[in-house]
Amino acid sequence: MKAKPWILGCLILSTLILQIHTQQRRVFHHPQRGMRHQQLQIANFKTSPPEQGPSYARSHILVKFNSMVSGQSIHDTMDAYDIPDYRYIPVVDLYRVDLPVGTSVEEMIQVWRQNAWVEEARPDFTARIAVTPNDEFFDRQYALSNSGQQIPVPGSPTGKASADISATTAWEESKGNENVIIAVIDTGVDLNHIDLKNKIVSPGRDFVNDDFDATDDNGHGTFVAAIAAAETDNREGVAGVAWDCRILPVKTMDEEGDGFYSDVIDGIIWAVDNGAHVINLSLGGGEPDTALEQALQYAVEKGAVVVAASGNDSGAGVLYPAKYDRWALAVAATDFNDLRPEWSNFGPEVDVAAPGEFIISAVPTWFFGPGSIPYGIGGGTSYSTPHVAGMAALIISHKPWLLGIDTSSVPWIPNPTLASAGVQDIMKIIRFTSEDVNASDHPGQDEFIGYGRINMATALVPIQIK
Amino acid sequence: MQRRKAVSLWLFFCLTGLVSAQSQDSSGWMQDLAVKAKAGFEYFGRTISWADADETAQLSALLFTFRPSLIVSNRVSLGAVVGYGLSDFDTITFRELPLSIELETGKIGGWLIGGELEAALWETGDFEIGVRGGYVFYKGKEDRYDIPGLAVTADVATVPQWQRIRAGLQVTYIPYAYFYPFVRISYDHLWGRFEVQQTIRDLSGSQDVDITGRGKIHVGMGLSYEPIDRFTFEGGLHVIPHSDKVDLGVSVGLSYLF
Numbered sequence: 001m002k003a004k005p006w007i008l009g010c011l012i013l014s015t016l017i018l019q020i021h022t023q024q025r026r027v028f029h030h031p032q033r034g035m036r037h038q039q040l041q042i043a044n045f046k047t048s049p050p051e052q053g054p055s056y057a058r059s060h061i062l063v064k065f066n067s068m069v070s071g072q073s074i075h076d077t078m079d080a081y082d083i084p085d086y087r088y089i090p091v092v093d094l095y096r097v098d099l100p101v102g103t104s105v106e107e108m109i110q111v112w113r114q115n116a117w118v119e120e121a122r123p124d125f126t127a128r129i130a131v132t133p134n135d136e137f138f139d140r141q142y143a144l145s146n147s148g149q150q151i152p153v154p155g156s157p158t159g160k161a162s163a164d165i166s167a168t169t170a171w172e173e174s175k176g177n178e179n180v181i182i183a184v185i186d187t188g189v190d191l192n193h194i195d196l197k198n199k200i201v202s203p204g205r206d207f208v209n210d211d212f213d214a215t216d217d218n219g220h221g222t223f224v225a226a227i228a229a230a231e232t233d234n235r236e237g238v239a240g241v242a243w244d245c246r247i248l249p250v251k252t253m254d255e256e257g258d259g260f261y262s263d264v265i266d267g268i269i270w271a272v273d274n275g276a277h278v279i280n281l282s283l284g285g286g287e288p289d290t291a292l293e294q295a296l297q298y299a300v301e302k303g304a305v306v307v308a309a310s311g312n313d314s315g316a317g318v319l320y321p322a323k324y325d326r327w328a329l330a331v332a333a334t335d336f337n338d339l340r341p342e343w344s345n346f347g348p349e350v351d352v353a354a355p356g357e358f359i360i361s362a363v364p365t366w367f368f369g370p371g372s373i374p375y376g377i378g379g380g381t382s383y384s385t386p387h388v389a390g391m392a393a394l395i396i397s398h399k400p401w402l403l404g405i406d407t408s409s410v411p412w413i414p415n416p417t418l419a420s421a422g423v424q425d426i427m428k429i430i431r432f433t434s435e436d437v438n439a440s441d442h443p444g445q446d447e448f449i450g451y452g453r454i455n456m457a458t459a460l461v462p463i464q465i466k
Numbered sequence: 001m002q003r004r005k006a007v008s009l010w011l012f013f014c015l016t017g018l019v020s021a022q023s024q025d026s027s028g029w030m031q032d033l034a035v036k037a038k039a040g041f042e043y044f045g046r047t048i049s050w051a052d053a054d055e056t057a058q059l060s061a062l063l064f065t066f067r068p069s070l071i072v073s074n075r076v077s078l079g080a081v082v083g084y085g086l087s088d089f090d091t092i093t094f095r096e097l098p099l100s101i102e103l104e105t106g107k108i109g110g111w112l113i114g115g116e117l118e119a120a121l122w123e124t125g126d127f128e129i130g131v132r133g134g135y136v137f138y139k140g141k142e143d144r145y146d147i148p149g150l151a152v153t154a155d156v157a158t159v160p161q162w163q164r165i166r167a168g169l170q171v172t173y174i175p176y177a178y179f180y181p182f183v184r185i186s187y188d189h190l191w192g193r194f195e196v197q198q199t200i201r202d203l204s205g206s207q208d209v210d211i212t213g214r215g216k217i218h219v220g221m222g223l224s225y226e227p228i229d230r231f232t233f234e235g236g237l238h239v240i241p242h243s244d245k246v247d248l249g250v251s252v253g254l255s256y257l258f
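Residue numbers (the working numbering), protein chains in the order written: chain A, 1 to 466; chain B, 1 to 258.
Calculated from the structure, these hints are not laboratory results. Positions of the beta carbon are idealized from the N, C-alpha and C atoms, including for glycine. Please note: incorrect hints may appear among the correct ones.
[Said to hold, decoys possible] Derived pair list, reagent style DSSO-like, types lysine-lysine, alpha-carbon separation capped at 30 angstroms:
{"no.": "1", "chain 1": "B", "residue 1": "Lys38", "chain 2": "A", "residue 2": "Lys466"}
{"no.": "2", "chain 1": "B", "residue 1": "Lys216", "chain 2": "B", "residue 2": "Lys107"}
{"no.": "3", "chain 1": "B", "residue 1": "Lys139", "chain 2": "B", "residue 2": "Lys36"}
{"no.": "4", "chain 1": "B", "residue 1": "Lys36", "chain 2": "B", "residue 2": "Lys245"}
{"no.": "5", "chain 1": "B", "residue 1": "Lys107", "chain 2": "B", "residue 2": "Lys139"}
{"no.": "6", "chain 1": "B", "residue 1": "Lys36", "chain 2": "A", "residue 2": "Lys175"}
{"no.": "7", "chain 1": "A", "residue 1": "Lys175", "chain 2": "A", "residue 2": "Lys428"}
{"no.": "8", "chain 1": "B", "residue 1": "Lys141", "chain 2": "B", "residue 2": "Lys216"}
{"no.": "9", "chain 1": "A", "residue 1": "Lys466", "chain 2": "B", "residue 2": "Lys36"}
{"no.": "10", "chain 1": "A", "residue 1": "Lys466", "chain 2": "B", "residue 2": "Lys139"}
{"no.": "11", "chain 1": "B", "residue 1": "Lys139", "chain 2": "B", "residue 2": "Lys245"}
{"no.": "12", "chain 1": "B", "residue 1": "Lys216", "chain 2": "B", "residue 2": "Lys139"}
[Stated by the list, open to error] These stretches of chain B come out as covered by chain A in the derived footprint (C-beta under 8 angstroms, 3 or more residues):
{"no.": "13", "region": "88 to 95"}
{"no.": "14", "region": "106 to 116"}
{"no.": "15", "region": "138 to 149"}
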C-alpha cells in the first residue's frame with residue numbers, strides 16, 4: 001500500500017523541524033523539551049538563550065529624534081555618523097538606522113543617546129513564529145463545528161461535542177462581507193493557493209524584502225490566513241471563519257519565521273492605511289516597545305480591531321503586542337475538549353481563547369513537495385488568533401454601524417469620530433459573548449482563557465429573550 | 001403622512017358630526033345636553049410590521065376602558081377614553097443593538113387615553129347613518145429582561161407604545177324597539193414604537209423600532225341592546241383584512257345615560 005502523501009509529508013516536515021530546532025537548540029529556553037513542544041512553541045520571539053538577554057537586530061537600531069529637530073538636521077546627523085542607510089517609520093516618528101561597518105549595537109546606542117537631539121535610541125527587538133502545520137478538511141475542523149469527531153492525529157482522540165466556536169450557527173446570520181478586510185501580518189501568504197487566491201485583496205506588502213509581493217516563504221502566514229478567511233463552500237480544502245471577507249497579506253517575518261519589531265510596526269500602519277478592518281498578529285516578542293504600542297493605537301483610532309497571540313511558552317506572561325491590553329485582544333488557546341493546552345501563555349491580559357490545538361488549515365503548495373495536498377495540521381496560539389480575527393470581521397460585516405461605516409460607498413471606511421469607540425465595542429462584544437468553559441475551576445474572567453472560549457453565534461445571532 | 005391623513009380624516013368627521021348636530025336642532029342644541037358613562041373592554045389582534053415591512057409580528061391587546069361622554073341633542077356624542085391595557089407584541093427582533101436580540105414581550109401593562117366622537121347624520125327609512133371616530137394612545141410600563149448566556153450580566157429595558165385612529169361610517173337598523181344592529185366601515189390606522197435600551201456591563205446601545213399595523217380598512221358589525229331605560233349594552237366584532245390574513249377583534253360595553 002502506498003503511503004498517503006500527507007503521512008509522508010508529515011514525516012518529512014517532522015524531520016525538517018527537528019533539524020531546524022536542533023540547529024537552534026542553543027537559542028531556546030528549554031532545549032530538553034520534546035520535539036512536539038518545540039514544534040508548537042512560538043519560540044518566545046527570542047533567538048538566544050535566556051541568560052544572554054533579549055534578542056535584537058545586529059545590523060541596525062531604532063532612533064527617535066526630538067520633535068523640534070528638522071529633517072535637514074536629521075539628515076546631516078546621519079551623514080556625520082557615517083550611517084549607510086536609514087528608514088523613517090511614520091506615525092510613530094521613528095528611524096530605523098543601519099550601523100556603520102565595524103560598529104556594534106551597544107556602541108551606537110551609547111553614541112546616539114549622547115546626542116542632545118535624540119529622544120531615544122534602542123535595539124530593534126525580534127519577533128518569531130514557530131508552529132507545525134498538517135492537512136485536513138472541514139469535517140475535521142472541530143474548531144468550527146465539534147460533533148465529538150475523531151481528531152486525525154496519532155492516537156485519534158475524540159473531541160467534546162460543542163467544544164467549538166459555533167461557526168455554523170453564526171453563519172446562518174452572517175457570512176461576512178467582501179468589503180471587510182483582514183490584514184494577516186505574518187510570513188506572507190501563498191497568493192496562488194487554491195483556497196486563498198480568490199480571497200486576497202492584493203499581493204500586499206513585503207517589509208522583509210521591501211517590495212509589494214507578500215508571498216509566503218515559510219508557511220505560517222498561509223496557515224493563519226486560511227483559518228481566518230479561506231474560500232469557503234468551494235468544495236476545496238478548509239472553511240475560513242470569515243466566509244466572505246477578504247485577506248490583505250503583509251509580510252514582516254522572514255522564511256525562518258523571524259522578524260523585527262520595526263517591520264511589524266510598519267506592517268500594522270501600512271495595513272491600516274490600506275483599508276484593513278482587522279489586524280491579525282500571530283506573533284509576539286518578550287519586550288515592550290512604545291512604538292509598537294503606538295502603532296496599535298493608530299490602528300484602533302482608525303477603526304481596525306487588533307487581535308494578537310498570547311504565546312506558547314507554557315508560562316506566565318503574555319507576549320507583546322497582545323500584552324497591550326488597551327489596544328489588542330490577547331488570545332489564548334483551547335483544544336478539542338475546551339481545555340487549555342499547557343503551552344498556552346497566561347496572564348491578566350488574556351481576553352479570550354479560541355481553538356489552537358490540532359488545527360487544520362492551508363499550507364503553500366510547495367510545502368510538502370510536488371503532488372502533495374496543500375493542507376496540514378498545526379497548533380499554537382498563532383492559530384487561535386485568526387479564529388478571533390475572523391469573528392471580528394464577521395461582526396464588522398454584520399454591524400458596520402458600530403464603526404460608523406457608510407455601506408453605500410466602497411471601500412468601507414470607518415467614521416473617524418466613531419472608529420475608536422466602535423473598535424472598543426467590538427472587543428467587548430467578543431469578550432462578553434465568550435463561554436466560560438473553565439468555570440468549574442476558574443469561574444468568571446481568569447488569566448488562563450480570559451472571559452472564555454469565543455462563541456460566534458452568541459455574538460451574531462439574535463439572542464432569544466422571554 | 002399616514003398619520004396626518006388619519007388625523008385629518010378624524011377631524012373631518014368630528015366637524016361633520018358637530019355641524020350635523022347643529023343643523024338638526026338650530027334652535028338651541030347647546031341646551032339639550034346629557035352625560036353618558038360607558039365601561040367596556042376590547043380585544044383585538046393586529047398584524048404589525050417594522051424594518052421596512054420585512055418583518056411582522058402579531059400584536060394582541062386587551063383594553064379595559066371607561067368612556068365618559070357628552071351627548072348633544074341626542075345625536076352627537078363627544079367623549080374621552082381612559083383605561084388600562086395589556087399588549088403583547090409577540091416577538092420582535094432588534095438587530096441594531098451591540099448584541100442582537102429576539103424578544104418575546106409577553107403581556108405588557110400600560111395606560112390608555114383617548115377620545116371619540118359619534119354623530120347621527122340622517123335617517124333614511126329603516127336606517128340611520130352616522131359617523132364615528134376615535135383615537136387611543138397606549139403607553140406600556142418599562143420592563144427589564146435579563147440577557148442569558150453571556151460571560152457578564154446584561155439586560156434590556158423596553159418601553160412600548162402604540163396609537164390608533166379610526167374614522168368612518170356606521171349604518172344602524174332602527175325599526176326594532178330595543179335592538180339596534182349596526183355595521184361599520186372605517187379607516188383604521190395603528191402605529192407605534194418599541195424602545196429598547198441594552199446594557200452589557202460598560203457596553204450599551206439602544207434601538208427604537210417603529211411599528212405599523214397592516215391593513216387600513218376596519219369592517220365591523222354589532223348590536224346595541226337597551227333592556228331598560230338609560231342602560232345600553234353594546235357588543236361587536238370587527239375584521240381588518242390585509243394581504244397576509246384577516247385580523248379580528250371584539251368589543252363589549254355597558255353604558256348608562258345620566
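Violated constraints from the hint list, given by number and in increasing order: 1, 4, 6, 9, 14
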